[in-house]
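Order-wise, the sequence lines are chains A and B. Every position in the first sequence, counted from 1, becomes a number in this note's numbering once 11 is added. Every position in the second sequence, counted from 1, becomes a number in this note's numbering once 353 is added.
Worth flagging that the hints you see were computed from the coordinates, not collected in a lab. Heads up, some of the hints might be wrong.
[As the list claims (entries may be wrong)] In silico EDC-like links for lysine to aspartate or glutamate, alpha-carbon gap of 20 Å or less:
(1) B:Lys-400 x A:Asp-109
(2) B:Lys-400 x A:Asp-133
(3) B:Lys-400 x A:Glu-131
(4) A:Lys-54 x B:Glu-396
[As the list claims (entries may be wrong)] Quick list of the computed label-pair ranges, beta carbon to beta carbon:
(5) A:Ala-94 x B:Gln-381: 47 to 53 Å
(6) A:Lys-86 x B:Ala-388: 43 to 49 Å
(7) A:Asp-133 x B:Ala-388: 20 to 26 Å
[What the hints assert, rightly or not] Now the stretches of chain B that chain A is said to cover, found in silico as 3 or more residues with beta-carbon under 8 Å:
(8) 387 to 393
(9) 406 to 419
Even for Gly, the Cβ is constructed at its ideal location relative to N, Cα and C.
Residue-level listing of the chains:
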Amino acid sequence: MPQDELSGPDLAGVVIDASAVGLEHVVIGGFSVIFHGFVRATKDSDLLVPDGPEADAAVLRFLQRIEGRRFRDDKALVLEDIAEADSLRVNSRHGIIDIMRGGLPPLDYDTVAARADTIEWDGQVVRFAALPSVVGFKRLAGRPQDRMDLTELEAIYGELPIDPIPGLDT
Amino acid sequence: MATPRAKSLLAPGNEAEWAALNREEAEQLRASNMALTPTQRIEQGQKLSQQAVSLLVASVRSGHAPRRALWS
Chain A
12 MPQDELSGPD LAGVVIDASA VGLEHVVIGG FSVIFHGFVR ATKDSDLLVP DGPEADAAVL
72 RFLQRIEGRR FRDDKALVLE DIAEADSLRV NSRHGIIDIM RGGLPPLDYD TVAARADTIE
132 WDGQVVRFAA LPSVVGFKRL AGRPQDRMDL TELEAIYGEL PIDPIPGLDT
Chain B
354 MATPRAKSLL APGNEAEWAA LNREEAEQLR ASNMALTPTQ RIEQGQKLSQ QAVSLLVASV
414 RSGHAPRRAL WS
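Chain B with its partners taken away, still in its complex shape:
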């Protein structure tokens, strides 16, 4: 049987650990974004946007997200 971890991050009192993790993740993301050329960034942004809108439309169609989400 696996030994339970002494401490879970998914519990109150871990704000400092989460802040450090979030900061590290954000810094990595910024570094990888800035390593792309402007053209690559736009292509990536367009792809992300098309995926995001496609998912949102599917969510609206299936009655989950409200239609007003398409307006904002």
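Just chain A, same shape as in the assembly:
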């Protein structure tokens, strides 16, 4: 899908199709910030997914279902591409999606998934990263938008929960 045929992110569609193919995931990024109270626009849907062959196979099924192609070269990915990648940015019929694997604890998939907040939306159970995880991802990324998100979340919640992040705080 050429870049100038982009559409805005359709998180509902992403979640429905990820669930349909059995792709475990937690919603992170802009939509998780919106979930926690700072309503703003975002250009993509961000999913944190587990690592390993089962998850790779589920990612492939997901990409096939959503007609996902790698954003930078429009390639239809195969299993080897997925297994080798730490993160994937794809364009799809649900807009741009960033698919990321967890990092070191506390930003690993298991920790983020275990503490995630869930809501029911469009008949689907959607898991959003909990506030401490969102804060961790934002502190780690540290881009201007991330700093703005943290400022807005702090204005809502007061002092934000800070988990020490290896390499950043130690």
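With chain A's structure known, arrange chain B on it following the hints.
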């Protein structure tokens, strides 16, 4: 003829007034966002995002915004 205002906000030296206005606006926005349920917030965020990307794509297509804006 209308009497000209003695002072315009759109002039240097009004930083304190602008800061107060911005703070008030931000507080109102936060309050209205937090009055929504999480589901309503996500729906609103998705709608905003779809509008924003649609506008950006139109801008790129018409040669205004650079294509790299789609990447960031």
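(request) Could you tell me whether the CB distance from A:Asp-133 to B:Ala-388 stays inside 20 to 26 Å? (result) Since the Cβ atoms of A:Asp-133 and B:Ala-388 sit about 22 Å apart, the hinted range of 20 to 26 Å holds.
(request) For A:Ala-94 and B:Gln-381, compare the CB-CB distance with the range 47 to 53 Å and indicate the outcome. (result) 48 Å, holds
(request) Sort out whether B:Glu-396 lies within 20 Å of A:Lys-54, counting only the CA atoms. (result) 14 Å, holds
(request) Starting from B:Lys-400, check that the Cα of A:Asp-109 is at most 20 Å away, please. (result) Cα-Cα ~19 Å, so holds.
(request) Apply the coverage criterion to the region 387 to 393 of chain B and chain A: a residue qualifies when its Cβ sits closer than 8 Å to a Cβ of the chain, and three qualifying residues are needed. (result) holds (count 4)
(message) Next pair to validate is B:Lys-400 with A:Asp-133; report whether the Cα-Cα distance is within 20 Å.
(response) Measuring from Cα to Cα gives roughly 15 Å; hence the hint holds.
(request) With a cut-off of 20 Å on the C-alpha distance, tell me whether B:Lys-400 and A:Glu-131 pass. (result) 18 Å, holds
(message) 43 to 49 Å was suggested as the range; check whether the CB atoms of A:Lys-86 and B:Ala-388 agree with it.
(response) 44 Å, holds
(request) Take the region 406 to 419 of chain B, compare each residue's beta carbon with every beta carbon of chain A, and decide whether three or more fall closer than 8 Å. (result) holds (count 6)
The structure is consistent with each of the numbered hints, conforming to all of them.
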